[in-house]
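Trainee: So you can see what is in the structure, the chains are spelled out below.
Number of protein chains: 2
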Amino acid sequence: MEYTKYMADRVKTMKGSAIREMFKRMADPEIISLAGGNPAAELFPGDELSKIAGKILMTSPTLALQYGTTDGYPKMKDCARKRAEKVNSVGENDEILIMTGANQGIDLTAKAVLNKGDKIIVESPSFIGSLNAFRTYEAELLGVTVEDDGMSMEELEKTLQNNSDAKIIYTIPTFQNPTGVTMSLEKRKKMLELASKYDVLILEDNPYGDLRFSGEDVPTVKSLDTEGRVIYAGSFSKILSPGMRLGYIVAPAPLAEKIEVLKQVNDVHTPMLTQLMCVEFMKKYDIDKYIAKNRELYGKKCACMIENMEKYFPEGKVKWVTPEGGLFLWCECPTITDISPVVEKCLEKKVAIVPGSNFAIDMFAPSNMFRLNYSSATLENIAEGVKRIGEVLTELL
Amino acid sequence: MEYTKYMADRVKTMKGSAIREMFKRMADPEIISLAGGNPAAELFPGDELSKIAGKILMTSPTLALQYGTTDGYPKMKDCARKRAEKVNSVGENDEILIMTGANQGIDLTAKAVLNKGDKIIVESPSFIGSLNAFRTYEAELLGVTVEDDGMSMEELEKTLQNNSDAKIIYTIPTFQNPTGVTMSLEKRKKMLELASKYDVLILEDNPYGDLRFSGEDVPTVKSLDTEGRVIYAGSFSKILSPGMRLGYIVAPAPLAEKIEVLKQVNDVHTPMLTQLMCVEFMKKYDIDKYIAKNRELYGKKCACMIENMEKYFPEGKVKWVTPEGGLFLWCECPTITDISPVVEKCLEKKVAIVPGSNFAIDMFAPSNMFRLNYSSATLENIAEGVKRIGEVLTELL
Numbered sequence: 001m002e003y004t005k006y007m008a009d010r011v012k013t014m015k016g017s018a019i020r021e022m023f024k025r026m027a028d029p030e031i032i033s034l035a036g037g038n039p040a041a042e043l044f045p046g047d048e049l050s051k052i053a054g055k056i057l058m059t060s061p062t063l064a065l066q067y068g069t070t071d072g073y074p075k076m077k078d079c080a081r082k083r084a085e086k087v088n089s090v091g092e093n094d095e096i097l098i099m100t101g102a103n104q105g106i107d108l109t110a111k112a113v114l115n116k117g118d119k120i121i122v123e124s125p126s127f128i129g130s131l132n133a134f135r136t137y138e139a140e141l142l143g144v145t146v147e148d149d150g151m152s153m154e155e156l157e158k159t160l161q162n163n164s165d166a167k168i169i170y171t172i173p174t175f176q177n178p179t180g181v182t183m184s185l186e187k188r189k190k191m192l193e194l195a196s197k198y199d200v201l202i203l204e205d206n207p208y209g210d211l212r213f214s215g216e217d218v219p220t221v222k223s224l225d226t227e228g229r230v231i232y233a234g235s236f237s238k239i240l241s242p243g244m245r246l247g248y249i250v251a252p253a254p255l256a257e258k259i260e261v262l263k264q265v266n267d268v269h270t271p272m273l274t275q276l277m278c279v280e281f282m283k284k285y286d287i288d289k290y291i292a293k294n295r296e297l298y299g300k301k302c303a304c305m306i307e308n309m310e311k312y313f314p315e316g317k318v319k320w321v322t323p324e325g326g327l328f329l330w331c332e333c334p335t336i337t338d339i340s341p342v343v344e345k346c347l348e349k350k351v352a353i354v355p356g357s358n359f360a361i362d363m364f365a366p367s368n369m370f371r372l373n374y375s376s377a378t379l380e381n382i383a384e385g386v387k388r389i390g391e392v393l394t395e396l397l
Numbered sequence: 001m002e003y004t005k006y007m008a009d010r011v012k013t014m015k016g017s018a019i020r021e022m023f024k025r026m027a028d029p030e031i032i033s034l035a036g037g038n039p040a041a042e043l044f045p046g047d048e049l050s051k052i053a054g055k056i057l058m059t060s061p062t063l064a065l066q067y068g069t070t071d072g073y074p075k076m077k078d079c080a081r082k083r084a085e086k087v088n089s090v091g092e093n094d095e096i097l098i099m100t101g102a103n104q105g106i107d108l109t110a111k112a113v114l115n116k117g118d119k120i121i122v123e124s125p126s127f128i129g130s131l132n133a134f135r136t137y138e139a140e141l142l143g144v145t146v147e148d149d150g151m152s153m154e155e156l157e158k159t160l161q162n163n164s165d166a167k168i169i170y171t172i173p174t175f176q177n178p179t180g181v182t183m184s185l186e187k188r189k190k191m192l193e194l195a196s197k198y199d200v201l202i203l204e205d206n207p208y209g210d211l212r213f214s215g216e217d218v219p220t221v222k223s224l225d226t227e228g229r230v231i232y233a234g235s236f237s238k239i240l241s242p243g244m245r246l247g248y249i250v251a252p253a254p255l256a257e258k259i260e261v262l263k264q265v266n267d268v269h270t271p272m273l274t275q276l277m278c279v280e281f282m283k284k285y286d287i288d289k290y291i292a293k294n295r296e297l298y299g300k301k302c303a304c305m306i307e308n309m310e311k312y313f314p315e316g317k318v319k320w321v322t323p324e325g326g327l328f329l330w331c332e333c334p335t336i337t338d339i340s341p342v343v344e345k346c347l348e349k350k351v352a353i354v355p356g357s358n359f360a361i362d363m364f365a366p367s368n369m370f371r372l373n374y375s376s377a378t379l380e381n382i383a384e385g386v387k388r389i390g391e392v393l394t395e396l397l
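Line order of the protein sequences matches chains A and B. Note that my numbering has the first sequence beginning at 1, numbered continuously upward. Note that my numbering has the second sequence beginning at 1, numbered continuously upward.
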């Protein structure tokens, strides 16, 4: 049988994330991966969560194993609220919804807002998981260049002027994926001003905000919003465990109500056990202490990566912005136009990196950039991986 | 701010499932609920899963807490395959995808197949979660009446004749929700014949198939499919735990590939811990023995419900088909046109039932039917609940 004719237009040209495809190729245990977005596994609180899970299932099996409510287990909603309130990101008229990972929140927010052909303004480059989610609603993606201090506001205003029907801006303002860049306070204020002037919503994705290891915190866009324009997506993936798939959305009630209906027909509710485990973990332990340990480790790993980049990358041929937090380092090779041969050669040398095209609005245009992840590999592997990349770059640039 | 103008058309008129809304009203612990679709909590293997979860997190914290792959943890895929193969429902060219509950599989299959305005043929009445999922893709739902032995094949053929552009048939052939009806073997074969003649796909939803307590098993539609037309959705919700949100899809590879991409942008992957727990449970225990206990209990509960219906319902005024398995009993009151006052009065008497309109293609048309659930209440509460419904029916019919 030929199946294409049964497929919705939205999936006909859709391909999986090359990063996750790369994961499959990386079954080879010898490969040093600087490709993924995995947090450091060495700090996962396995023992603590083991005791917590065992106890929950022993003492509250019905609660843990029976159906739950779509909006989330009430105490889990309180936990999410606490995290969001810590950065002043819950408005008076907002509702909180627990999501099976923040990505679900991004996907369902897009589903609640975007008709086919609707315009969504995104950072260029940006996180492929979100870009692909928007693509599945057949939205038109309008890219705005990410500068060293975040989205270009000149370009954003031009884009808004030329697209008066744009509905929403999607941004990862803090330690952006893939660039690692943080949007300045001035730009955040300007973005809100423009959103108000041109009457669009903002979807703020903040999975990395807790992972600052240098510099000063910048207020979330949501915390600066006085009009109720910002939908805020938070995550426990980078501060507790990504495999548990726990995230949340803070949204004005009328939008939250629609997103909740979409979640109801999607996965009915987020698994109960993982919600209960998160609640107990936050009750018994100081999660901020745990996050602080992660921050310290990521600072060390990032410094190690940069030290080795300075040592092994061909001088003057690779540009990057030193991140102040998060998981990623973004590199540009201005003397070439296409990084693909570098990425391939690196894989031959058993080190995996992600080509910039993966994060582009136009995935088929060549890119001279690549993304490095410093959170998941060991210090030794970071040093060795960067050394090998350096050899490839020296040979090919 | 006024938010309607930012909303996608698909959600503007969308409302949550009245059943799940009813759950919220049922916070009152005195209410006897015969409304939900909860499996019996008294049999949940809490102790076994407690030990399993504790051990997994202690010995394999990275596996349980780190990101996993979108298609599912390989051993969990094997478990799903085993369940599907038990009913001969894995074709040669099929792929298996683990879902965060079977509902996600239904939702994402619809997303992979349905453009706006596309036609999907559904049983009338049918499961509201699926109907609402189809509605969110702005598909046109074409209802085909459920008879005592399943979908009317005459009506199905007429519908296919009159809608040559229909793409897919959605069916719950075994212990259908809400009717409890099982489609006969003849009708299953006929449905496949019609699907082939009119060139449409079939989405077979089989969450209750393991729960037969009388009569003989009927082969799944998928097992009779020789052309690769059937996508099969299986679930662990009714045979292990609904709160764990574990289901799966068996689909021809070209479709599975697209559904996988849609899952990737939806929740990235199903939580790892619950997958690992299911794998261990199926390795250490005989899940079929556990299911057999559930079947026996549901048989008893269903018999108790019918015994009390015969005793308390006004004679000759309520019709039903005795189910041979599953969770539901469907009642029709031919002497009235609208069951709403009965449902309201029952709530006053602290017993919750679901009006038929919830399962209708046209949710606003009055219905003289209601659905009873016998799996979750105790035998005592079933008897007491049915007695109270009988009082209301005697008064109002």
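One or more hints might be untrue.
Simulated pairs of lysine to any residue, SDA-like, Cα-Cα distance not exceeding 20 Å [stated by the list, open to error]:
#1 A/Lys-119 <-> B/Thr-4
#2 B/Lys-197 <-> A/Thr-4
#3 B/Lys-5 <-> A/Ser-152
#4 A/Lys-319 <-> A/Ser-152
#5 B/Lys-12 <-> A/Lys-319
So these bits of chain B aren't anywhere near chain A, every CB distance computed over 10 Å [claimed, not checked]:
#6 Phe-44
#7 Asp-107
#8 Tyr-137
#9 Leu-142
#10 Glu-157
#11 Asn-163
#12 Pro-219
#13 Ser-223
#14 Ser-241
#15 Gln-264
#16 Met-272
#17 Gly-316
#18 Lys-349
These are calculated hints, taken from the structure and not from any lab test. From a predicted model like this one, the values you see are computed outputs, not experimental measurements. Using N, Cα and C, we set each Cβ at its ideal position, and we do this for glycine too.
Trainee: Is it true that the CA of B/Lys-5 sits at most 20 Å from the CA of A/Ser-152?
Mentor: violated, 27 Å
Trainee: Is the Cβ of B/Ser-223 more than 10 Å away from each Cβ in chain A?
Mentor: The claim holds: B/Ser-223 sits with its nearest Cβ about 17 Å from chain A, beyond 10 Å.
Trainee: Does A/Thr-4 sit within 20 Å of B/Lys-197, going by the straight-line distance between their CA atoms?
Mentor: holds, 18 Å
Trainee: Taking the closest pair, is the beta carbon of B/Lys-349 still more than 10 Å from chain A?
Mentor: holds, 24 Å
Trainee: Compute the least Cβ-Cβ separation between B/Met-272 and chain A, then decide whether it is above 10 Å.
Mentor: violated, 4 Å
Trainee: Please confirm whether B/Leu-142 is truly not at the interface, meaning its C-beta sits more than 10 Å away from all C-beta atoms of chain A.
Mentor: Holds, because the least Cβ-Cβ distance between B/Leu-142 and chain A comes to about 16 Å, which exceeds 10 Å.
Trainee: Against the 20 Å threshold, does the CA-CA distance of A/Lys-319 and A/Ser-152 hold or violate the hint?
Mentor: Status holds; Cα separation ~19 Å.
Trainee: Mind checking the alpha carbons of B/Lys-12 and A/Lys-319 for me, to see if they're no more than 20 Å apart?
Mentor: With Cα atoms ~47 Å apart, B/Lys-12 and A/Lys-319 exceed 20 Å; violated.
Trainee: Are all C-beta atoms of chain A more than 10 Å from that of B/Asp-107?
Mentor: With a cut-off of 10 Å, B/Asp-107 comes too close to chain A, as the shortest Cβ separation is near 5 Å.
Trainee: Say whether it holds or is violated: B/Glu-157 keeps its Cβ farther than 10 Å from all Cβ of chain A.
Mentor: Answer for B/Glu-157: holds, closest chain A Cβ roughly 20 Å.
Trainee: According to the definition I'm using, a residue is off the interface if its beta carbon is farther than 10 Å from all beta carbons of the partner; does B/Gln-264 meet that for chain A?
Mentor: violated, 6 Å
Trainee: Taking the shortest Cβ-to-Cβ distance between B/Pro-219 and chain A, state whether it exceeds 10 Å.
Mentor: Its Cβ never comes within 10 Å of chain A, the nearest being 21 Å, so this holds.
Figure legend: structure checked against the earlier numbered hints; hints not met, in rising order: 3, 5, 6, 7, 8, 14, 15, 16.
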